[in-house]
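Undergrad: For reference, the chains in residue letters:
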Amino acid sequence: MSSKNINKKVLSGNHSVAYGVKLSKASVISAYPITPQTAIIEKLSEFVERGELKARIIKVESEHSALAATFGAALGGARAFTATSSHGLLYMHEWLHWVSRSRIPVVMAIVTRTIGLPWNIWPDHSDYMDQRDTGWIMTFGMDNQEVLDLTLQAFKLSEDPDIYLPVIVGLEGFVLGGTYMPVILPDEREAEDFVGERAQPYTIDPKNPIAIGNMTLPEGTEEMFMDMQKSMMNVYKKAKEIDSEYGKIFGRSYGGLTACYKCEDAKYMMVTMGAWSGDAIEAVNVLRSEGYPVGLLRVRYFRPMPTEDYKKYLFNSKMTIVFDRSISYGSTGSIYQDVISSLHLASSKINVVHNVIAGIGGVDMTLKDFYEIFRSFLKQYESGDESNKVVWYHKGVMNNFSFE
Amino acid sequence: MREHVLPGDAACPGCPIPIGLKTVAAAFNGNAVLVIPACCTSVVVGTYPYSSLKMNIVHTPFASSASVASGLREALKQRGLEDTQVIVWAGDGGTADIGMASLSGAAERNEDIIYIMYDNEAYMNTGIQRSSSTPIKAWTTTTPVYGKSEPKKDVARIMIAHNVPYVATASIAYPQDLYQKLKKAQEIRGFRFIQLHSPCPVGWRFDASKTVEVARLAVETGMWILYEYFDNKLRVSGPSMPVIKEGKIKPIEDYIKIQRRFSNINGEGILEIQRMRDNNIEWIKKLL
Chain A
1 MSSKNINKKV
11 LSGNHSVAYG
21 VKLSKASVIS
31 AYPITPQTAI
41 IEKLSEFVER
51 GELKARIIKV
61 ESEHSALAAT
71 FGAALGGARA
81 FTATSSHGLL
91 YMHEWLHWVS
101 RSRIPVVMAI
111 VTRTIGLPWN
121 IWPDHSDYMD
131 QRDTGWIMTF
141 GMDNQEVLDL
151 TLQAFKLSED
161 PDIYLPVIVG
171 LEGFVLGGTY
181 MPVILPDERE
191 AEDFVGERAQ
201 PYTIDPKNPI
211 AIGNMTLPEG
221 TEEMFMDMQK
231 SMMNVYKKAK
241 EIDSEYGKIF
251 GRSYGGLTAC
261 YKCEDAKYMM
271 VTMGAWSGDA
281 IEAVNVLRSE
291 GYPVGLLRVR
301 YFRPMPTEDY
311 KKYLFNSKMT
321 IVFDRSISYG
331 STGSIYQDVI
341 SSLHLASSKI
351 NVVHNVIAGI
361 GGVDMTLKDF
371 YEIFRSFLKQ
381 YESGDESNKV
391 VWYHKGVMNN
401 FSFE
Chain B
1 MREHVLPGDA
11 ACPGCPIPIG
21 LKTVAAAFNG
31 NAVLVIPACC
41 TSVVVGTYPY
51 SSLKMNIVHT
61 PFASSASVAS
71 GLREALKQRG
81 LEDTQVIVWA
91 GDGGTADIGM
101 ASLSGAAERN
111 EDIIYIMYDN
121 EAYMNTGIQR
131 SSSTPIKAWT
141 TTTPVYGKSE
151 PKKDVARIMI
161 AHNVPYVATA
171 SIAYPQDLYQ
181 KLKKAQEIRG
191 FRFIQLHSPC
201 PVGWRFDASK
211 TVEVARLAVE
221 TGMWILYEYF
231 DNKLRVSGPS
241 MPVIKEGKIK
251 PIEDYIKIQR
261 RFSNINGEGI
271 LEIQRMRDNN
281 IEWIKKLL
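Chains as they are written, first to last, in this note's numbering: chain A, 1 to 404; chain B, 1 to 288.
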């Protein structure tokens with residue numbers, strides 16, 4: 001743990017992101033206001049206007065332009081950042097593909113919020129999941145401290161020569177974004193050293209002209225996409241290394257693409273991502289006190305898919321419940337799809353894995369909900385029913401959407 | 001000019017784009033980054049790993065070239081590369097239509113970039129569909145029978161309303177005039193906009209050898225007026241002087257009859273085009 005000036009502040013999740021960006025010394029920031037992201041860009045504007053952060057904030061007329069300006073700045077050699085939510089993110093979607101395919105490192109915070117209609121400002125993961133196939137590394141924090149730490153790690157990972165892909169830092173709007181908790185701020189100098197000098201695969205240089213994005217023949221395009229997949233695979237190792245280095249300097253590390261809670265001796269597992277993991281962990285504690293050997297695997301990196309961790313921690317679980325806060329209509333939750341395909345990569349014979357869709361549109365999920373869902377599935381399992389269920393949990397009722 | 005605009009591009013015969021690019025390259029001696037949204041030029045500059053331009057090129061999605069240029073400008077400035085011009089080179093679709101919001105945003109922020117709209121008056125890259133910059137009565141593949149029913153959107157006039165430091169119109173028939181305007185723009189910092197009239201032989205249906213002639217006729221008939229707007233003043237440029245100052249104006253039929261995109265036009269249609277032209281000239285005169 002760094003001994004120098006441990007600076008603890010009570011910060012919202014949004015402000016934690018802003019501090020992470022400040023400590024990472026981003027020099028161009030571009031964003032458009034949208035609830036519940038706005039506080040990030042407001043705080044960064046304050047840092048810049050007070051002279052605490054030497055950066056320009058390009059106040060654009062839309063999210064589409066926000067990521068475009070971020071891309072332009074990154075291309076020109078600046079460490080660049082943007083943030084958005086929900087419809088802003090969807091409006092930006094085209095640009096997510098463009099940025100990842102350019103291989104230019106940038107970081108974006110997604111303060112998740114459900115998608116309209118109806119108008120709804122509460123969080124789920126629908127907006128985030130819509131970016132699944134854009135080629136961005138997709139991380140998600142559980143609390144404000146992790147969100148800050150992830151932001152610093154995201155810049156370092158994005159700018160690693162083995163990676164050179166853009167990174168998303170996810171956090172739920174309001175649940176984290178607008179909720180305050182004590183956060184330890186890394187020492188400024190140590191943070192700067194940790195993130196390091198800006199690195200990128202190529203930069204606009206008037207003396208050595210380059211053409212970015214010229215038309216290619218099909219083979220050229222496919223080759224570039226294969227390179228993206230290769231870099232994605234490098235994230236497994238790099239993310240762990242970066243997290244471990246972070247732990248050595250700042251005293252906090254989270255593991256790798258996932259974080260495990262009481263997994264070692266668990267016979268049953270839950271899989272979650274985001275802030276509600278806290279409620280689920282409390283449910284694990286209650287269930288443990290009642291003698292049920294339950295563990296929880298928390299997804300920190302949705303992309304690349306944490307296949308090895310799914311195999312390692314879930315393959316021997318007799319019954320696993322995957323909680324998804326979004327749905328691919330007519331199919332299942334996205335994390336569930338990942339878990340099933342990962343386990344099938346290990347063996348075609350896998351144990352029971354249920355999918356619970358819940359918390360959509362910002363519906364609150366409490367310790368009690370996680371507890372009762374587990375008990376209900378356990379009862380079914382103990383009665384000898386080993387079929388996989390896909391349910392939509394709504395107002396305490398398990399609506400069965402199994403594909404039978 | 002051959003130093004920066006190389007032989008072997010993928011332009012159609014008679015394409016006005018290389019003429020414009022050569023003038024831009026000459027004016028800035030290649031010290032520029034061209035930000036190019038989806039448009040004919042995306043193809044004209046060639047296929048990876050080759051490029052027909054010895055200048056930095058950044059291709060962007062359709063709607064956002066002015067925003068990319070804004071970010072790029074800031075990053076280059078932070079690196080001390082103030083003299084490298086960041087130039088958007090965009091067609092009328094990427095400017096007058098899908099790119100209008102980002103253009104307006106960058107202009108309102110007075111970003112230190114040069115925005116050149118090369119105006120070939122339709123979506124030529126996708127096969128001659130109408131744009132808001134297509135003139136009234138012109139045939140396109142999406143105005144196939146009666147021609148376009150709305151008049152041409154005047155983007156330069158919209159940019160004047162943004163109070164940016166420099167707005168100009170130009171024509172590929174007058175490269176010296178364009179060159180001078182680019183040089184003038186180079187002296188000014190902040191947002192600069194140039195609308196470059198660029199007749200397209202394929203889309204306008206005229207012989208590929210007549211590109212410059214058609215462009216010149218547009219100016220001589222008053223269908224395209226060359227001017228500069230800066231310091232809150234409008235100045236008519238040399239080639240348009242006879243039209244505005246001396247009333248020496250060729251009949252619009254000279255311009256219309258040379259292009260088959262107006263081949264279905266009748267007498268009433270010609271009068272309508274003439275009215276548009278006369279109103280434009282009146283507007284210019286009011287600002288002089």
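I should point out that these hints are in silico values taken from the structure, not numbers from a laboratory.
Treat the hints with caution; some may be incorrect.
Unchecked claim - Sample of chain B residues with no beta-carbon within 10 Å of chain A, all distances over it, derived:
| # | residue |
| --- | --- |
| 1 | Arg79 |
| 2 | Ser149 |
| 3 | Glu187 |
| 4 | Val202 |
| 5 | Gly247 |
Unchecked claim - Here are the simulated lysine-lysine pairs, DSBU-like style, with alpha carbons at most 30 Å apart:
| # | chain 1 | residue 1 | chain 2 | residue 2 |
| --- | --- | --- | --- | --- |
| 6 | B | Lys22 | A | Lys59 |
| 7 | A | Lys207 | B | Lys184 |
| 8 | A | Lys349 | A | Lys379 |
| 9 | A | Lys59 | B | Lys77 |
| 10 | A | Lys389 | B | Lys153 |
| 11 | A | Lys207 | B | Lys153 |
Stated by the list, open to error - Cβ-to-Cβ under 7 Å is the rule here; a few derived chain B residues that face chain A:
| # | residue |
| --- | --- |
| 12 | Asn31 |
| 13 | Val44 |
| 14 | Thr47 |
| 15 | Ser51 |
| 16 | Ile57 |
| 17 | Val58 |
| 18 | Pro61 |
| 19 | Leu76 |
| 20 | Arg189 |
These numbers come from a predicted model, not from an experiment.
The C-beta atom is built at its ideal place from N, Cα and C for all residues, glycine as well.
Undergrad: Compare the structure with each hint and give your call.
TA: Outcome of the hint check:
| no. | hint | in the structure |
| --- | --- | --- |
| 1 | Arg79 | violated, 6 Å |
| 2 | Ser149 | holds, 29 Å |
| 3 | Glu187 | holds, 19 Å |
| 4 | Val202 | holds, 19 Å |
| 5 | Gly247 | holds, 42 Å |
| 6 | Lys22/B - Lys59/A | violated, 34 Å |
| 7 | Lys207/A - Lys184/B | holds, 24 Å |
| 8 | Lys349/A - Lys379/A | holds, 22 Å |
| 9 | Lys59/A - Lys77/B | holds, 17 Å |
| 10 | Lys389/A - Lys153/B | violated, 58 Å |
| 11 | Lys207/A - Lys153/B | violated, 38 Å |
| 12 | Asn31 | holds, 5 Å |
| 13 | Val44 | violated, 10 Å |
| 14 | Thr47 | holds, 5 Å |
| 15 | Ser51 | holds, 4 Å |
| 16 | Ile57 | holds, 4 Å |
| 17 | Val58 | holds, 5 Å |
| 18 | Pro61 | holds, 5 Å |
| 19 | Leu76 | holds, 5 Å |
| 20 | Arg189 | violated, 15 Å |
Taken one by one, the earlier hints fail for this structure at numbers 1, 6, 10, 11, 13 and 20, listed in ascending order.
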